[in-house]
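Visitor: One-letter residues, chain by chain:
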Amino acid sequence: MQNRNRLNTSWTNPCGFCLAWLLYLAGVALGQEPVAGQQAAELLPPTAVYYAEIPEPDKLIGALLDHPLRGRVEELEVWKRATQTPEYFQGIVGLRIVEFALGMEWRKALETLAGAGLYAAFDPPTQGFAILARAPDEKQLLTLRDKLLTLARDDAKRNKRPDPLQTREYRGVTAYEANGSASAVIGPWLVITNKADLGKAIIDRHLDRPQGTPDAPASLAQLPKFQGAKNGSKRATLWLFADIEAARASGLAPQAYSGKADNIIAEFLFGGLLDTLKQTPYATLSFHLTPADARLNLALPHQSQWVSPAREHYFGPNGSGSAPQPTPVPETLFTFTFYRDLGKMWRRADELLTQKAAEELTQGNSGLSTLFGGKDFGEEVLGLLGPQTQLVVTRPPAEEGYPRPAVRLPAFALQFEMRNPEITRRELRRTFQSLVGFLNVIGAMNAQPQLELDVEKLTAGELVTSTYLPETGRDVEGEARINFNFSPTAAFADNRFVLSSTRTLARQMITAPKGEDSASPAGRVVNTSARLDAGFLKAILGDNRGQLIARNMLEEGRSREEAERQIEGLFGIIGLFQDAGLQVFTDEGRVQVELSVTAAKE
Amino acid sequence: MAPSLKSIDPEWAWSPFVPSAEQPWNRRLAAHLRRRSGFAGTSAELDADIAKSPSEAVAAICTAVEPAEFRIDMAGLARPSLAGGDARKLPAWWLYRMLATPVPFLERVTLFWHGHFATSAAKVTDPELMYRQNELLRRHALGDFGQLVHDIARDPAMLLWLDSATNRRLHPNENFARELMELFCLGEGQYTEQDIRELARCFAGWEVRRGNFRLNPEQQDPGSKSILGSTGEFSGDDGVDLVLRQSAAPMFIVQKLVRDFVFDEPAASPELLEPLARQFREQGLKTLPVIQRILSSNLFFSRHALARKVKSPVDVAVGFLRALSGTTNFVKLAQDLGELGQDLFFPPNVKGWDGGRTWINSSTLLGRANLIKGLLDSGATRFNGGSLRDFLTRQGTSDSQAIVHRLEELLFAVPLPPAARAQTVELIDRKTGDWEKHLRGALHLVCTLPEFQLA
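Residue numbers (our numbering), protein chains in the order written: chain Y, 1 to 602; chain E, 1 to 455.
Hints in this document: simulated from the structure, not taken from any laboratory.
From a predicted model like this one, the values you see are computed outputs, not experimental measurements.
Among the clues, some could well be false.
Here are the simulated distance ranges between beta carbons [as the list claims (entries may be wrong)]: (1) E:E218 x Y:A398: 13 to 21 Å; (2) Y:G71 x E:P417: 54 to 62 Å; (3) Y:G443 x E:P348: 44 to 52 Å; (4) E:S362 x Y:R560: 36 to 44 Å; (5) E:S378 x Y:E588: 49 to 57 Å; (6) Y:Q90 x E:G385: 18 to 26 Å; (7) E:S378 x Y:A398: 46 to 54 Å; (8) E:S378 x Y:D293: 56 to 64 Å; (9) Y:T459 x E:N212: 42 to 50 Å.
A partial selection of chain Y residues facing chain E, derived with a Cβ cut-off under 10 Å [to be verified]: (10) P405; (11) V407; (12) P410; (13) N440; (14) A444; (15) A447; (16) Q450; (17) E452; (18) G542; (19) I549; (20) A550; (21) R558; (22) S559; (23) R560.
C-beta: ideal position from N, C-alpha, C; glycine also.
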């Protein structure tokens, strides 16, 4: 009891909560036998709302530092420059000094301290942050701790400062306090926290190993939602748990749980998650890293009945709406496919958006209505379209009869499904023709070339094309105006309506074979999917290399040689990757957002 | 001491400057020459100049030829700016060219002609045409003024600017004819309204089609015209030649050259200008020999010229960067110069920029200080590719007195006031904090002085 009172410090400063802290300060255990096999979550109070774990830190470091692409990274000019700065050399020298004092290299020191896991948590009742590092070997941990203490004290002596460490006792555990934070070693655990109460709570759980119940859990590990989160997650390189229910109750960031989006774009992209956030008990974030790829996954428990009728546009009836497969066309840079009933979203925007955003949309609505010949944009334009939509962006295909422009912009096509093709096709064709006329009027006012309308019949469907007429003696091959990146085209095939920036891409879209269904796991409904191909990104940037170099010269004031090196560095970085993807899907009672990046093959 | 401007002997004025014990040829005078002929000189350029005689130094500046590789490189840099179809991209390109060129004299004279044949992209809108005009000005900047006028008369950007995209025989556009005489060749009072109407008939059928000049034979006026005392069936080219043959033409041009290269005010008298005008006329309106004579002259190196011009915004910024081997974000710089009243490719009207004292008012003075601060605060601003500290150290100037002396020599046409000098030294000598920051602060401090505005 006496010890309890003595460890009543004011650990208020959260600074120093980083890995470097581990290398600077360590604590020691006195007279207590550790309880074997405890998990970090068993040491933390059930009130902790945020929890993170890296179960194998050495593997994470190894995956980064020993990656097969490391050689290519080190060949990059940007890397070479970064590792030739005085600051970098100072850092390396400092690190070598510490390694010398510890008698081991830093990776070995990190493994000794946290080789069996590294954990962090935030506990709102105490306002405490805690870092828990689990060592594979307690004796080595203590030896390393002693060296760190000596290092800290020797450094203070050399600089004629007082002993930086103050000693506190609690239930036989000695804690070392410095800079408002304290640490202690309990069994294989090194614990660092900024709040005494949280530190005591951790020591109590380590020593007492209290048994709680689902209604009255004694630790975070016994919290049913934490258990649910753990059971629903695969072992990850980095895993985070957030108690959304508690966060909602705390009143922090209420707009995140209001169910209303700030603007129509946010509603389009993430609207479905807003209703889930209002109800879901927790969220997990997993990061998986392998030599081949990296994946970041956000998962929230989700039930289709949580989705309000106004937001049915997002997941579809009973959550069954799925994104279409992207149409396979040559040299595809980017695809974005999604299920959204855009007409329904537009019509019910008042219920989905904040008041301010809804008012702004109403103003925009009247402008769009004018543009579309007095039609109601939500009802009579978007309402004609079905919910399965895709955007395809490609490296610009060669356009017959066109000079090659100096700036080569990617070609893009939006593919919609028409609800009633017989009626919708005529409406959309007429609207497209009106739009081209409108563009010609604007173009004429700005001395821009004019678009010529034409119709092209194919077996697969019909194209309504518009092309710029090359100007004799004006546009030189390879140096033509930026306009020649475009030949706006509307294409119609069965129930598909394609709006494309170029005639060739429109033709490719309607003549391509149907996209093959990818092998999604059973029960998974992919709502949104995006993929970026790094190879074609690099190719398109390569097409515009001169532009990029010129821009770098003018905006950064560099010489051509310097600018070329910069751009080559950019290409080198892109060359490290194969592709990147994003998916929003529902699966096993959860809604998940997954971001993935695939490394380039060696 | 040189006599007052009114009593100056014109022959003495334009005779070659010969250094004397009273006025030795030194880095200060070399800096004056570099400022006027090419925005500013670097320390190395000043060293090279004083190793020669003044005339040799001027000759080296005037006869330097831009390497073909540089021209190709700059043309390549312009293409992406043109490709987007936005004329707003061009000012940054030209500023880059002004700073990167090994022949700044050529850019300085091209800028003079840009102000003389002022054409604005605000109306022309097609950047390709503005770029072509800029190249035209550069091509003829130091050559035959007559040929320059002939080419300008057929320049699509100029014709669009002066509403001559279509020019019908029954309703010939008088704008170009008027400006040809009033602004480009003769000046006010040298022609009548009847001359304008008759000269305009010569240009009937001179049109622009798809960005190119076109002579429309159906719209040409083959009839007899009476212009400036001559009568005949003059074509457009004949009309230009008639104007160029007027005795007022050489005087008009040399008067503008002297104002641009020697002093803003007072206006030089016809008597003072006569030797230059005579040379210009006798040498077939060749520009380079006249400018070379101006830059070599007694008057140019006299107290009548030293610090007797107000720097234009371009002179301020490009001079600052050139003197210190600096580079920066040229897109941002172009915007800033536009706000200070010198929007390259966008002159305010057909008369161009008034220049002189009109550059300065309470607002632009503050803006100029902010311009320099913006340059010094920008992460893109580097001096010889690095920090100001490294640049000055490599120049062998590492103590505060030497640094201030160097800055004064490179950037100022007059000595720094003692109080400002002491304050600057004190700022550099501060022991605490980041020395690079102190150096940039000191540089900003001296550039806020009224003396910095003089060239």
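Visitor: Indicate, hint by hint, whether the structure satisfies it.
Guide: Hints, one by one, checked against the model:
1. E:E218 x Y:A398: 13 to 21 Å: Violated: the Cβ-Cβ distance is about 40 Å, outside 13 to 21 Å.
2. Y:G71 x E:P417: 54 to 62 Å: holds (60 Å)
3. Y:G443 x E:P348: 44 to 52 Å: Distance hint for G443 (chain Y), P348 (chain E) is violated at roughly 28 Å.
4. E:S362 x Y:R560: 36 to 44 Å: holds (41 Å)
5. E:S378 x Y:E588: 49 to 57 Å: holds (53 Å)
6. Y:Q90 x E:G385: 18 to 26 Å: holds (22 Å)
7. E:S378 x Y:A398: 46 to 54 Å: violated (41 Å)
8. E:S378 x Y:D293: 56 to 64 Å: violated (39 Å)
9. Y:T459 x E:N212: 42 to 50 Å: Given range 42 to 50 Å: holds, Cβ gap about 43 Å.
10. P405: holds (7 Å)
11. V407: Hint on V407 (chain Y): holds, closest Cβ of chain E at ~4 Å, below 10 Å.
12. P410: violated (15 Å)
13. N440: Violated: closest Cβ of chain E sits about 16 Å from N440 (chain Y), beyond 10 Å.
14. A444: violated (13 Å)
15. A447: holds (6 Å)
16. Q450: violated (12 Å)
17. E452: Violated - the Cβ of E452 (chain Y) stays beyond 10 Å from chain E, reaching only about 16 Å at its closest.
18. G542: violated (15 Å)
19. I549: Hint holds; I549 (chain Y) Cβ to chain E Cβ min 8 Å, cut 10 Å.
20. A550: holds (4 Å)
21. R558: holds (7 Å)
22. S559: holds (8 Å)
23. R560: Holds - the Cβ of R560 (chain Y) comes within 10 Å of chain E, reaching about 6 Å at its closest.
Against the hints set out earlier in the document, violations occur for numbers 1, 3, 7, 8, 12, 13, 14, 16, 17 and 18.
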